[in-house]
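The listed protein sequences derive, respectively, from chains P and U. Quick note on numbering: my numbering labels position 340 of the first sequence as 340, and the sequence is numbered without any gaps. Quick note on numbering: my numbering labels position 77 of the second sequence as 503, and the sequence is numbered without any gaps.
Think of the hints as simulated: they come from the structure by calculation, not from any bench. Note that the structure is predicted; figures quoted are calculated from it, not measured. Hints may contain errors.
From chain U, some residues computed to sit far from chain P (all C-beta separations above 12 Å) [claimed, not checked]:
| no. | residue |
| --- | --- |
| 1 | LYS444 |
| 2 | SER457 |
| 3 | SER516 |
Example chain P residues on the side facing chain U (calculated, C-beta under 8 Å, incomplete) [unchecked claim]:
| no. | residue |
| --- | --- |
| 4 | GLU117 |
| 5 | ALA119 |
| 6 | LYS143 |
| 7 | GLY147 |
| 8 | LEU150 |
| 9 | GLU173 |
| 10 | LEU237 |
| 11 | GLN238 |
| 12 | PRO247 |
| 13 | TYR272 |
| 14 | HIS275 |
| 15 | ARG337 |
A virtual CB, placed ideally from N, CA and C, is assigned to each residue, including glycine.
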Amino acid sequence: MAEKFDSVVVGAGPAGIAAAFTMAKAGLSVLILERGEKPGAKNMFGGVIFRHHTEQIAPEFWKTAPVERHVVEYQYWFLTNDSHVLLSHRNQRFNKTFNAFTVHRAKFDPWFAKLAEDAGAVILNRTTVDDVIKENGKIIGVKTDRGDVLCDVVIAADGVNSMLSKHAGLRDELPPEAVVLAVKEVIALPRQRIEERFNLGPDEGIAAMLVGWGSGMHAGFMYTNRDTLSLGIGISLQDIDKSGERPHILFEQFKNHPSIAPLVRDGELKEYSAHLIPEGGYDYVSRIYTDGMLVVGDAAMLVNAINWEGTNLAITSGTLAGNTVIEAKKKGDFSSRTLVSYRQKLEESFVLKDLKKYKDVPKFFSSNQQFFTLYPEVANELAYMWHVVDDETKDAHLKEMKSTLFKRRSRLNLLKDAYHMWRLMS
Amino acid sequence: MSQRVIAIEDKLYRNRYKVDQDSHLWIKDPSMCLKCPFNFRCIRVCPTDVFKWEENKITITYDACVECGACRIACYDIGWKNPKGGFGISYKYG
Numbered sequence: 001m002a003e004k005f006d007s008v009v010v011g012a013g014p015a016g017i018a019a020a021f022t023m024a025k026a027g028l029s030v031l032i033l034e035r036g037e038k039p040g041a042k043n044m045f046g047g048v049i050f051r052h053h054t055e056q057i058a059p060e061f062w063k064t065a066p067v068e069r070h071v072v073e074y075q076y077w078f079l080t081n082d083s084h085v086l087l088s089h090r091n092q093r094f095n096k097t098f099n100a101f102t103v104h105r106a107k108f109d110p111w112f113a114k115l116a117e118d119a120g121a122v123i124l125n126r127t128t129v130d131d132v133i134k135e136n137g138k139i140i141g142v143k144t145d146r147g148d149v150l151c152d153v154v155i156a157a158d159g160v161n162s163m164l165s166k167h168a169g170l171r172d173e174l175p176p177e178a179v180v181l182a183v184k185e186v187i188a189l190p191r192q193r194i195e196e197r198f199n200l201g202p203d204e205g206i207a208a209m210l211v212g213w214g215s216g217m218h219a220g221f222m223y224t225n226r227d228t229l230s231l232g233i234g235i236s237l238q239d240i241d242k243s244g245e246r247p248h249i250l251f252e253q254f255k256n257h258p259s260i261a262p263l264v265r266d267g268e269l270k271e272y273s274a275h276l277i278p279e280g281g282y283d284y285v286s287r288i289y290t291d292g293m294l295v296v297g298d299a300a301m302l303v304n305a306i307n308w309e310g311t312n313l314a315i316t317s318g319t320l321a322g323n324t325v326i327e328a329k330k331k332g333d334f335s336s337r338t339l340v341s342y343r344q345k346l347e348e349s350f351v352l353k354d355l356k357k358y359k360d361v362p363k364f365f366s367s368n369q370q371f372f373t374l375y376p377e378v379a380n381e382l383a384y385m386w387h388v389v390d391d392e393t394k395d396a397h398l399k400e401m402k403s404t405l406f407k408r409r410s411r412l413n414l415l416k417d418a419y420h421m422w423r424l425m426s
Numbered sequence: 427m428s429q430r431v432i433a434i435e436d437k438l439y440r441n442r443y444k445v446d447q448d449s450h451l452w453i454k455d456p457s458m459c460l461k462c463p464f465n466f467r468c469i470r471v472c473p474t475d476v477f478k479w480e481e482n483k484i485t486i487t488y489d490a491c492v493e494c495g496a497c498r499i500a501c502y503d504i505g506w507k508n509p510k511g512g513f514g515i516s517y518k519y520g
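Make a model of the complete structure from these sequences and hints.
Structure, rendered in structure tokens:
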């Protein structure tokens, strides 16, 4: 006879842990199944966790959690192959009220999981879920490589590749346009050198997004950790298919860019990782509830690709799923009739409101690649012309800048692009 | 530009894996590879060089896999399941 819990949470990432924590705290019996040797072992991100949403689980968590640095500066790099224009925002308010922290997931996730454990949930590591168990069309548990477990509600927090959603029949294979492949290196540098290179105080960090290098729609990312840098690129699978360039070769080109190379010079490679990011947006959020199961976090495709947010959507979705199970337990009804309220809660929260707002953006950018290629080039050309000194008058320089701009993009198209951007954002 | 391209083997050597004796990746129908409609997209999307075309078939070095899932999305002929509990990539940083 298989053991029975109120809920089995599959995956000990931020979404699963938030769900487990919420339910365990309300007195429900919760089992968390993690296929890695510990929470975080399979997880990789850019990236940052956000203070606001993490604090909803653990107030002032940075005092005890293994965080790396708090972000005081956000950088936006517009690259060509041999130049860059850099826009950045540093604010002392980020030192007073923390906004985001860089973390290593293999270190942070076990700490986060401990919170759920302390609240009463049981964690079983090294356990892979192979399928759901159904009875009369309703999910009543999971099959694992250690045996079956029964429960009232399964929480699928098994990440972007969510095999559970597939087994439950909630979604088919993801289409290539729904995901971006992220490739990343963790590069070690002495703590002091990181602070010198990025002009940082102790514990201060930067988060950087870099576009425009190479050809096509790639975005680079760079985060400062305590004594490592996280450097990576996101590439659409369609782009790899078209360009024929291999992900790790593209990454090497990026790392060797003359504006990037000095920042990672003499660093020691510690780890090479790759992961899919579900960036498709609102239209790709498929069915996330069914009789006896809820889907949360990356598994539900909850990533805001515009603002580079994911862990906060994960935590919020986990909490809302947890609350839904608590309500269902009170009613004694675990069918989709009750569980539908999870979807409603998500729609009413910033999670699906934000994704809905930006739902056309991924498609817009993939069919308007000038924002990733032409505009960074033009910005660099104009910046160069503004600074270069020769015998020409400033008037001639300005005229040349104007004609360069309009040669690269007609006045009509510039207006159209500005209009579309405005429409997307307002 | 100083180009010091690090070979993929030298990158993967930094990672920690616990290798299972059974592969979690397989080709569902190897005869399909002979007339691959995707121009060997599995080889091209994989960030860790798991797939190679050798002697008229795709070979799979599954122990290099970091379980990203790109191949699975690139081609429906790729069989993919999560490695057994505790096996596969085990990130130290992530």
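Evaluated hints:
| no. | hint | verdict |
| --- | --- | --- |
| 1 | LYS444 | violated, 7 Å |
| 2 | SER457 | holds, 21 Å |
| 3 | SER516 | violated, 5 Å |
| 4 | GLU117 | violated, 18 Å |
| 5 | ALA119 | violated, 23 Å |
| 6 | LYS143 | violated, 12 Å |
| 7 | GLY147 | violated, 11 Å |
| 8 | LEU150 | violated, 19 Å |
| 9 | GLU173 | holds, 7 Å |
| 10 | LEU237 | holds, 6 Å |
| 11 | GLN238 | violated, 10 Å |
| 12 | PRO247 | holds, 4 Å |
| 13 | TYR272 | holds, 4 Å |
| 14 | HIS275 | holds, 5 Å |
| 15 | ARG337 | violated, 31 Å |
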